[in-house]
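So the sequence shown is numbered by this note's numbering: it starts at 2 and just counts up by one.
These are computed hints drawn from the structure, not numbers from a lab.
Careful: at least some of the hints might be erroneous.
Said to hold, decoys possible - The calculated DSS-like cross-link candidates involving lysine-lysine, where the alpha carbons are at most 30 Å apart (straight line), are:
hint, residue 1, residue 2
1, Lys136, Lys158
2, Lys241, Lys136
3, Lys115, Lys131
4, Lys231, Lys241
5, Lys173, Lys131
6, Lys26, Lys165
7, Lys45, Lys120
8, Lys158, Lys26
9, Lys173, Lys7
10, Lys158, Lys45
11, Lys26, Lys43
12, Lys115, Lys102
Stated by the list, open to error - Ranges between beta-carbon positions, derived for each pair:
hint, residue 1, residue 2, range
13, Glu272, Lys136, 12 to 20 Å
14, Glu248, Leu73, 31 to 39 Å
15, Glu106, Glu243, 36 to 44 Å
16, Glu248, Ile77, 39 to 47 Å
Ideal Cβ placement from N, Cα and C applies to all residues, glycine included.
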Amino acid sequence: MRYLTKEWYELSQMTDFHLDVRVHKGAGVFNEGLYQRLYKRKEKEFVDMQQEIYDTDPRFMLEEDETAMVPLDMFINEEIISEEDQLVYSMSPEEKDHIQKLIEEYDSRPPFDKYDCKKTFANIHETRIKETMDKLPHELYQQIVDVRVFSLGYCSKAVKNQLKALSSDNEKMMNNILNEYDKVQQEENIPQIIEERFSFHDCEVTDLKVGKKDLVIHLNTEGGFTNFNKVTLREAEIIKQEGQIKESIWLYEELYRLDNGYEVHALLAGEEMAELIIQCTDIMVE
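Using the sequences provided together with the hints, build the complete structure.
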């Protein structure tokens, strides 16, 4: 990647530090009792939420079958909606079978395990503490009196103000790089059909097959924003492959025109960040 690099992606994930915490008047001094009270409060909120999810009967999803839907613009504009304007949503047999399996699992589920849920919360809390240590600038981190309290979502007013400034600076840097990339892409002579189709944000790479000449990528588009799930790169040559590509989530791509074809850059995320650069003579998306 030339612009939307791993470093740029990490920067994009650090533009909302200030939204993750709220000011607490007691966070400016070390107080073990305060930490214990806040921990118990957050733990209870987490356990209650998880139990509510655990006890949600999936039968409610069947209620969507044969329901009438109306065009959103007509609803917003408060127009009179006739029967002809309504669309009836009918579940497919596959959807019904999936829901039925969820119902069977729900009916046979064991009692909710609060102890195990509390262990999960403790692990999440420890992970957030480590992430705070890794992500925050050292000077700002040193001003946090108790990183445990911070990781529960509380900080002093002074720290909150610095987090706002840090988030703002990161967002400006991120957007500056993005604007530079957009300008460069506008100058690339990419055919419209490829430009429109070659976008797989949040899709999962399910397979990557390297043939004698071509390279084929298969994608699960369920979590993405496209229905195109197969990419064929003609006479492909892998220039760079870093990290695990298969089963990773496709984040961003860059396309560049070469004299004899294209250069494809892809940034992906799995257990670790991954990057793929391929040169090819043509691109087919289907």
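Against the structure, the hints:
| no. | hint | in the structure |
| --- | --- | --- |
| 1 | Lys136 with Lys158 | holds (20 Å) |
| 2 | Lys241 with Lys136 | holds (27 Å) |
| 3 | Lys115 with Lys131 | holds (25 Å) |
| 4 | Lys231 with Lys241 | holds (21 Å) |
| 5 | Lys173 with Lys131 | holds (26 Å) |
| 6 | Lys26 with Lys165 | holds (18 Å) |
| 7 | Lys45 with Lys120 | holds (12 Å) |
| 8 | Lys158 with Lys26 | holds (8 Å) |
| 9 | Lys173 with Lys7 | holds (17 Å) |
| 10 | Lys158 with Lys45 | holds (26 Å) |
| 11 | Lys26 with Lys43 | holds (17 Å) |
| 12 | Lys115 with Lys102 | holds (25 Å) |
| 13 | Glu272 with Lys136: 12 to 20 Å | holds (18 Å) |
| 14 | Glu248 with Leu73: 31 to 39 Å | holds (35 Å) |
| 15 | Glu106 with Glu243: 36 to 44 Å | holds (39 Å) |
| 16 | Glu248 with Ile77: 39 to 47 Å | holds (40 Å) |
In the structure shown, no violation is registered for any of the earlier numbered hints.
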